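Chain order of the listed sequences is S and X. Here the working numbering is used: position 67 in the first sequence is 67, and no number is missing along the way. Here the working numbering is used: position 223 in the second sequence is 1223, and no number is missing along the way.
By construction, these hints were calculated from the structure, which means they are not laboratory data. The structure presented is a predicted model; accordingly, all values stated were derived computationally and were not measured. Misleading hints may appear alongside valid ones.
[What the hints assert, rightly or not] Reference listing, derived: stretches of chain S covered by chain X, where coverage requires no fewer than 3 residues with Cβ under 8 Å from a Cβ of chain X:
#, stretch
1, 58–67
2, 77–87
3, 161–174
We put the beta carbon where it would ideally sit given N, CA and C, even for glycine.
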Amino acid sequence: MNGITIAIPSGRLFPEAFSFLQRIGFVDAEVQDQRQLLLPARFPGSQVLIAKPVDLLVYVEHGAADAGIAGKDILLEQERDVYELLDLGFGACRGVVAVPQERVEEVWASGGLLRVATKYPRTAEEFFWKQGRPVEIIEMHGSVELAPRVGLADAIVDLVMTGQTLRANGLVEVAEVFQSTARLVVNRVSLRTRSQSIQALLDRIEEVLQHV
Amino acid sequence: MRLQNRKGHRYLQPPPGMRDRLPEEAESVLALQEKLRRTFTCWGYREVTTPTLEYLETIVRGAGEGVVERLFKLIGIEGELLALRPEMTIPIARLVATRLNNETLPLRLCYFSSIFRGKEARGDRPREYTQAGVELIGATGIDADAEVIALAVEAMQQAGVEEFQIGIGHVGFLKELLANGIEESDQTEIKELLYRQDFVSLRERLEELDVDQGISEAVLRLPEMRGSRALEEAHRLCPTKPARAALEELQNLLEVLRDYCPGARIQLDLGIIRDFTYYTGVVFEGYAGGLGYPLLGGGRYDGLLGRFGLPLPATGFAMDVDRILATWAPVSQPRRGVLVYVHKAERARGLDVARRLRGQGIVVVMEVTGRSWEESCQAARAQGLLLAARIKDQHVTIRHLQTREEWSVPLDAVEAVIRGRSQL
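Pulled out of the complex, with its shape left as it was, chain X reads as follows:
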């Protein structure tokens, strides 16, 4: 056996599905996170962090056995099985059930975190995602659902996503639909087909299983069941009491949402299919025109906290930060900073100027290489700085690096001039 590594210098590459972020990208992520953090905070959601690693058991307890093949698994120092968190709701459920179990309810929590998940052997998809999200724990009812959806709308607006729309569905309706015409033993398979969005095989299987005509039609019509028309149709196709209850819940929610977020494009969408093992009620997704994948998703998960010993209702959503950033037009912003150039003999004076400018929030870069003044100015310009200041004998020369204009300024007027001349 040859042990040659086909990828050659692997140490130069991040692993499949992982990526670096250069300063501009990292700054965009930060800017977006700041907008979202402000939004979440203003709605009373407090940030938590959880460890990157969890016991494999924790994740499986939250998401079911099926999750295992999508996890990054590790062996801990003591030989225990660990996993990189594949999402944040399970760690937060664990956290709340064990550490915040005496708090006054409801709890409003938010997070900004990397999560890790792989899908099959393909390396063409990301395996690390940056998520921003909220959880509203310990509240049930229409206003709790509406608040979280309204916050999703607000977050999309604050994030500058244009022409977005929200679709709202209900897992309860789906489950009832299936429970009604399909043997329990066949349901897993049908759910799997629904999850894979394979409506051709679904049609075949439903015919083979001899499922009630109305139910079968309803399942197959799911991708088209949107808007207010769909509500009537759903009532007609699945007239059982629990299905009716789910549909009425949706109808009321849509009405209430008109007050929560007037003008937002929110649509009933019974075809939204999210993880069955997890969600228990209203589910929703956010889309923007021209992007092929949802930007956010969430819903009610009343069973999850109970799996960690604290049965509480909960709802929340997660946004995909990178996908939202993909909707941002790239802007190359000048760095708008100042280079401070000073001879060794006057270092203290230069540092004092730098300190004062930085104190005012101005970006200051010290020349540390020992280059000449002209070379320093060239380098600073190439790095996108706006001004250079040279300090010599109580005197400061300030140069605009684009226009090459120069001003001579007394030392104690540096800050005023720099702020005045450059809108720094």
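Okay, chain S solo, but in the shape it has when bound:
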């Protein structure tokens, strides 16, 4: 695992992604400073890059990182040219359509034009397009659950883990759009030009995954 850069996302997946890298023995240190963006790894010339989740695949696609850990939600939304090789199992969540509890009949069952707030405009658009449902997509970057409460949207497409956020905002799930877990992605050239290190990484991960 010499000489490779692995990108992991800040935010929701960070703690699990980082402890996964510890588990496979890629890093041993604790994170001293959350603002640090590059951390040394245990192998010469190797490092960990911490990227915003939406940027992570860009680093890997262009080869600035050789490999990365990314949520399937982002992979679906961005369709980047990277190898998606392993399901790492952690970070499980679902993307769902949710609407205000008292408006299920009115906005969902009616089949009329739906205004949908989401961080996943492409995934959402494709989902509704397949359903033949007319929608207006409103792209947001955070606190999507707020949109229906203030009349910005009729529905949301967003990630749920426990469902607590939905309940707290008076929303109910009416359809599942996708399921997501953390995935190992690899740059298509690194796979070949740094094949020994990448192979060592893959072997180590498979070994660890089998012991879960």
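Starting from the known structure of chain S, fit chain X onto it as the hints suggest.
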């Protein structure tokens, strides 16, 4: 509805994915193209050009329906549907099938062209690419495949790409692998997943489809199937006759390539996945360390020319000129030219000097603004010129713009002095 344009002064910008090239960049492109042109020409490949626009039908006939969403589409003067060419192999196939169909085979053609393709709604990627490539048409067999790959190696060397490697795979092996354990109706989906390099979904689908264990394992092991070890493994995992034939072809090719390009780093790579609708045999890609994307790609496409009425085997490759240039260290070269400064009264004399110098291939810039000699020298220096020559009464003063050294020279000795003093 408000019709306000968010981008404001759009007329100041090129459209998304399009770019300008400043002189230094344009000169690099040209320098690279010259190196490649010399290489291709020395191997007997002759340059062709085709129109930027083709009928949409032509492109679709060559690349399949799926290509449409990635094309720039236009409506022609008579209302016909046109497209900007998304690559050069299809236009050349059309050209050969219709205009070069009586030539003695094989044909060796090369090109240097802009191609245009978009991907989805994202503007963060280029949509215009400069490609250099070759096509070897009307020859089948191992030597034809090897020549084209060897030429790719030579081109990378000539282009100064360091530490590059070539991976060689085979579409026939992949197709056979899939044809063997997967229902025809499911193959499109599996190919799509392979094309997207989504091996997690691939694993799930193969399990759901209850695909034969060996085949399924082989498909999932594709990203790791490289090097000579992979050959044995592939033989074991997919023991059908056509798969064996493809693998043997690869093995022989690798052997022959040792003669074609000794010392080059060429590796068997069964995980190379290129467009299934198009390629029929050996496929290959070129990579350089530290760059995240392939610099070149190509392979055998024996079915394409037949779609244009002239069934002929063919193979070729295309290189991405901009990506290769990205491997070049930026060099700011001085322009090494001469400014000629002359009074109106002696214009003819000045122009004569300029003509003679230019005749020797020296860059000469005439002072056209009416500035003073000192101002002209300053401007010329700022523009990167090396010398300035002032002509006055049969006499020439030559100034070195960096050192400010000056020489006084008789008019008929100007060329000799300029060449001698400055290695222009």
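Now for the hints, and whether the structure bears them out:
Counting residues of the stretch 58–67 of chain S whose CB falls under 8 Å from any CB of chain X gives 5; the rule of at least 3 is met. Under the rule that three or more residues need a Cβ within less than 8 Å of chain X, the assignment of the stretch 77–87 of chain S holds, with 8 such residues. Evaluation of the coverage hint for the stretch 161–174 of chain S: breached, as 0 residues show C-beta separations to chain X shorter than 8 Å, against a requirement of three.
Of the numbered hints given earlier, the model fails hint 3 alone.
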